[in-house]
Amino acid sequence: MTGRFLQEKNLDGALATIQAFNVPLNYSDPEGRKASIALIRKPADVPTKSSFYRGPILFNPGGPGGSGVDFIKGGADQLSKLLGPQFDIVGFDPRGISRSTPAASFFQTKAERAVWSKQPGLGIVNNSDEGVARTWARSFVVNQLAAETDDGYLRHINTENTARDMLRIVETHGGMKIQYWGFSYGSVLGATFASIFPDKVERLVIDGVLDSENYYAGKCLSHTDRVMDSFYTGCADAGPEGCAFWAPTASDIEANLTKIINTVRSKPVPLRTKAGYGLLDYAMLRGALFSSLYQPHEAFPVLAEGLAELAAGNGTKLFDRMNPEAFRCNCDTKPPDVESVPDAQSTVFCNDGDDVPDDLASAERYFEMMMEISSWSELIASIRLGCVNWPKFPKDRFKGPFKASNSHPILLVGNTADPVTPLWAAKKMSKGFKDSIVLTQDSAGHTSLSAPSVCTQKHIRDYFADGKLPEPGTICHPVTSPFSTQANQALPSMMTVEEQEIYAAVLALSKDPGIFAPIHVKRPGVETKGCAGI
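Residue numbering for the sequence shown follows full-length UniProt numbering, beginning at 1 and increasing consecutively.
Do not take every clue at face value.
Taking CB as the label site, the calculated pair distances span [unchecked claim]:
hint: 1; residue 1: Arg33; residue 2: Glu368; range: 39 to 45 Å
hint: 2; residue 1: Trp424; residue 2: Gly313; range: 39 to 45 Å
hint: 3; residue 1: Glu499; residue 2: Glu148; range: 50 to 56 Å
hint: 4; residue 1: Thr496; residue 2: Ser128; range: 54 to 60 Å
Calculated pairs, PhoX-like style, for lysine-lysine (alpha carbon to alpha carbon, straight line, at most 20 Å) [to be verified]:
hint: 5; residue 1: Lys259; residue 2: Lys317
hint: 6; residue 1: Lys468; residue 2: Lys431
hint: 7; residue 1: Lys434; residue 2: Lys468
hint: 8; residue 1: Lys428; residue 2: Lys399
hint: 9; residue 1: Lys511; residue 2: Lys73
hint: 10; residue 1: Lys177; residue 2: Lys49
hint: 11; residue 1: Lys42; residue 2: Lys81
hint: 12; residue 1: Lys395; residue 2: Lys34
hint: 13; residue 1: Lys403; residue 2: Lys431
hint: 14; residue 1: Lys458; residue 2: Lys81
hint: 15; residue 1: Lys403; residue 2: Lys200
hint: 16; residue 1: Lys428; residue 2: Lys177
hint: 17; residue 1: Lys428; residue 2: Lys403
hint: 18; residue 1: Lys431; residue 2: Lys399
hint: 19; residue 1: Lys81; residue 2: Lys511
hint: 20; residue 1: Lys434; residue 2: Lys177
hint: 21; residue 1: Lys42; residue 2: Lys73
hint: 22; residue 1: Lys317; residue 2: Lys511
hint: 23; residue 1: Lys200; residue 2: Lys434
hint: 24; residue 1: Lys177; residue 2: Lys200
hint: 25; residue 1: Lys49; residue 2: Lys34
hint: 26; residue 1: Lys267; residue 2: Lys317
hint: 27; residue 1: Lys81; residue 2: Lys468
hint: 28; residue 1: Lys434; residue 2: Lys403
hint: 29; residue 1: Lys200; residue 2: Lys392
hint: 30; residue 1: Lys403; residue 2: Lys427
hint: 31; residue 1: Lys317; residue 2: Lys274
hint: 32; residue 1: Lys403; residue 2: Lys177
Because the hints were derived from the structure by calculation, they are not lab data. Computed from a prediction, not measured in an experiment: that's the story for all the values here. All residues carry an ideal CB built from backbone N, CA and C; glycine is no exception.
Using the sequences and the hints, build the whole thing.
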């Protein structure tokens, strides 16, 4: 990458130099205004002139709105161990996101964003009787800000253009075809690339696969309850020593949780903890539950402890896990620094999708339809409702079909119980790509990284290294369960050295909440020099 990419500025010194790579903002006007894409690379552990060197693998961690640079800064070593030393590990912030410019950010300062965001019940549509109307009204305001801050760049931030950016990255590196691993929304990006550039695929893995034809409409929630059910059954099977929220049957555990939810909804818990102060209310509790479904192997034991404490009247553990820092401010007026913000997610969703009706009645009908699919829709519906009053401009974006005969067959990976990317979506998408294979991981959680499976990761490694696809119908199992016993905790000692290395790497990735927590549910601290908030 060094010597080929434009080194206009160093954006960060960690891991490797983050570089700014110029691409056309509008591919219909390639000589016009430029967008700057931030990239980071962990070089292969073999020389680039070596016969073992296999070039870069590009990663997208999902979102939309997720930072590929942050993903690689945090996970490059583990990803290299999973895939082998012969690959460069490359992350990039898609156009409009985080370090890439122009960035989709509708507020002038972080303090302004923090004050606007510090509202009770945000992130959950029906937190109150007027919840849908409040979500609708807030979207009107935010998207008016979007229109006011748009100088012509906003319409060009979409998935199709990001796919074209990826091809530019590969070609500038000296390659002709892409090697790519995309998670969650990254599966939409990967499927878009494979459809637009079918002859430019060297290796392409999409993991946690969304139905790209309808990825924002809500059908993704069809298996969410299945993941929650795995908490009830796993906790009951683990016994009182293995699960802090234990009850004799899964039905008992579900009933106990329902009682807690109803109590918190009518009587929020006031808290002052080391992390901050505030209320553990219905929105926060449902957000904590939903976030745990993304990474049950890591989160379920902690969730059980938090629920047991909450049942006894103490909400500290769950409150601190959601990390709502108290707002404090001694703020400057500088524009926001590098961050992944909801504005970027909204921009991609709204530009990729059809226009959303601006009237409240349509919003209410949409929410009712979503709730018929799943009660978890109260946490998801705000994404599409966030496109109410989106700036009206011509949309030049890819709408399908998602099908191709690729230069190398693609690999799709799906879990049997994924809260937002159900296995049926992977099977549906596979039908459009000739000779592609669906690798099934028999686990709960979001993407293969949520549950350590040596079997899954060995298949992915073999695919990148040799192009070898799993046999049709292959099912892999995780090494341990969320509520693991001492017996299955000892399983790693029975592995080969290579398997132990793979297991350790994917275990480390499965513990990173930054990879899995849904952007619209997370409540991260917002910081500037002298200013922090929610």
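Hints the structure fails to honour: Hint check: 16, 25 and 29 fail, others pass.
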